[in-house]
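The task is simple: from the sequences and hints, build the whole structure.
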Amino acid sequence: MPIQYCCQFHYLENYIYADKNITVKNIAMKNIAMKNIAMKNARHSDLLIQDIYSGLVEGLSHFSHNSRAALVYARNPGDELHIYDPQKLMNGHEPKLKELYFEDDSWRQHLIQQLTVQPRDHYITFNNLQLAGLISFGGSSRSFFYQMWFTDHHPDICSIYPTERWLEHAGWLTAQDFAVENPAAGTSGHVLQNYSFRAVNDHVVDVRNEILGLDTGMLIPPVLDTILKLSKTREEGYWPRGRLIFVDPQFMDQLSFTAKIQGHERPSIGNVKHVRKLLLGVEYSDRKLVSDGRAIIGISRSPVPDYAVSAFFKGDHGFVEIRGSAICSFFDGNFHSTIRRAKLVELEELLLDTDMSHEQSMELFRVAAELVHSAEDRRHGCTLVLDLNADPVPLSGHVLDPALDLKNPEFFDLAASLIKIDGALHIMSNASLRGFACLLDGKTITGENRARGARYNSALRFTAEHRNVIVVVVSSDRPVSIIQHGIELNASCEWVPPPGYTYRSQKLQDYLGF
3 MPIQYCCQFH YLENYIYADK NITVKNIAMK NIAMKNIAMK NARHSDLLIQ
53 DIYSGLVEGL SHFSHNSRAA LVYARNPGDE LHIYDPQKLM NGHEPKLKEL
103 YFEDDSWRQH LIQQLTVQPR DHYITFNNLQ LAGLISFGGS SRSFFYQMWF
153 TDHHPDICSI YPTERWLEHA GWLTAQDFAV ENPAAGTSGH VLQNYSFRAV
203 NDHVVDVRNE ILGLDTGMLI PPVLDTILKL SKTREEGYWP RGRLIFVDPQ
253 FMDQLSFTAK IQGHERPSIG NVKHVRKLLL GVEYSDRKLV SDGRAIIGIS
303 RSPVPDYAVS AFFKGDHGFV EIRGSAICSF FDGNFHSTIR RAKLVELEEL
353 LLDTDMSHEQ SMELFRVAAE LVHSAEDRRH GCTLVLDLNA DPVPLSGHVL
403 DPALDLKNPE FFDLAASLIK IDGALHIMSN ASLRGFACLL DGKTITGENR
453 ARGARYNSAL RFTAEHRNVI VVVVSSDRPV SIIQHGIELN ASCEWVPPPG
503 YTYRSQKLQD YLGF
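Under this note's numbering, residues 3 to 516 are what the sequence shown spells out, in order.
Quick caveat, the hints were computed from the structure, so don't treat them as lab data.
One or more of the hints may lead you astray.
[Said to hold, decoys possible] The calculated label-pair distances, taken between Cβ atoms and stated as ranges, are:
| no. | residue 1 | residue 2 | range |
| --- | --- | --- | --- |
| 1 | G326 | G219 | 20 to 30 Å |
| 2 | T356 | D308 | 37 to 47 Å |
| 3 | L133 | D355 | 16 to 26 Å |
| 4 | V401 | Y240 | 36 to 46 Å |
| 5 | D403 | S287 | 40 to 50 Å |
| 6 | L133 | G239 | 38 to 48 Å |
| 7 | K279 | D308 | 27 to 37 Å |
| 8 | H375 | P121 | 44 to 54 Å |
[To be verified] Simulated pairs of lysine to aspartate or glutamate, EDC-like, Cα-Cα distance not exceeding 20 Å:
| no. | residue 1 | residue 2 |
| --- | --- | --- |
| 9 | K409 | D424 |
| 10 | K275 | E238 |
| 11 | K509 | E105 |
| 12 | K234 | E285 |
| 13 | K409 | E372 |
Where is the CB? At the ideal position from N, CA and C, for every residue including glycine.
The following block contains the structure:
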């Protein structure tokens, strides 16, 4: 080969190798850059989700008791499912999650087909998954393929539907934040943190739309605002009592009025002091004060229509009802989820597990529950000793001879008064009252809580030393404790607050351990 061609060949060969090395280097740098972008995007996603999560948890914790939340999601149709669960809400639900998301993957293809025929910004919603102890609600859109939000289902909740609306809005805000390039930091979290009013409003609107259709003649926000203002307004030092119902103007002729105010003299619902005075006319009766959403129309004894919004004032608290059922309570100037009565689920389960017949255990539960509710309504503490032994446990106190059958309404009313006396009621398995003003004693045990007072700690000591005894303790500030064998059976686990740092989501497969 001529020398000039040989030199040219070696130059070209060196150039090819050099170019190859540059290409390999560029690819490596590109891969690193893409990995960094992916990590940055993942951190950014976690920050957006954390903002929404924090607002949701804080808002629900004020609306209900301390609440946790979790999110299962896939950003894009081909992405693996991830879970965001800083407070370990989903612990114990792993088998159900595996069944829902991995044993049958057809849900993903079905959802892709649904989204292809929907407008770009349309948000498809998914109903509650019915997991034990949880409320869930989710949705899907083209900007965020799949998300399912979860939160605690507290046992004393009036209705799950306002909480579902809360989770639905969290999903909608998540899809919205991921659809824009630079969402305003913290905005969605603040919205969810103060969403209780809108959650109640959204549920009421949904129910009324279902009954009446979309074209209704009454705005709900002014109605709810009036209810909250009335709940804080005293008349001569007394909290409001009675029922105020809001009926659409076009349906007003369906009601029969006991008294109707002339049109030009009807007070506006914005005149809260005047409306509060008119409530005096329906206290402690079956009468209702009627409004069309703008003014007070009169007083009626007619049944409350399903579409009507009803506010039942019971002193320092009350309930918002629709379709004859409470959807939330109100007190301290805010809406809350609690029904303000102990459900006593643990006590019912304990009694059903005893050797008593089903009828006998349910009768004893009914008597105990009604005594507890009586104490709650009168805002005083009490202690019930349910003695399931054939031979009564000896207690110092006033022993009755003969014992009073609490299935008799007269004797039950007496027992409801005797629980106000210091000491416990001694109730036998046949629902008879053996004694009152009984003192409980025992040796010091581990697990006592000085913050709960003498009534609670005495019950712990007493049940630790006596078999077949269940003690129900009602505190004056409304907590109810079911105690057996020196243990509070309905005690909730310590609430884990959300982490202060940015929590990283993880693949659902890794979370489930397969």
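So, going through the hints one by one against the coordinates:
1. G326 with G219: 20 to 30 Å: 21 Å, holds
2. T356 with D308: 37 to 47 Å: 41 Å, holds
3. L133 with D355: 16 to 26 Å: 24 Å, holds
4. V401 with Y240: 36 to 46 Å: 41 Å, holds
5. D403 with S287: 40 to 50 Å: 42 Å, holds
6. L133 with G239: 38 to 48 Å: The hint (38 to 48 Å, Cβ to Cβ) holds, given that L133 and G239 are roughly 47 Å apart.
7. K279 with D308: 27 to 37 Å: This hint holds: roughly 29 Å between Cβ atoms.
8. H375 with P121: 44 to 54 Å: Check passed, 51 Å falls within 44 to 54 Å.
9. K409 with D424: Outside the cut-off at roughly 23 Å; violated.
10. K275 with E238: Satisfied, since the Cα-Cα distance of roughly 11 Å is no more than 20 Å.
11. K509 with E105: 16 Å, holds
12. K234 with E285: Status holds; Cα separation ~17 Å.
13. K409 with E372: Roughly 11 Å between the alpha carbons, so the hint for K409 and E372 holds.
In this structure, the one hint that does not hold is number 9.
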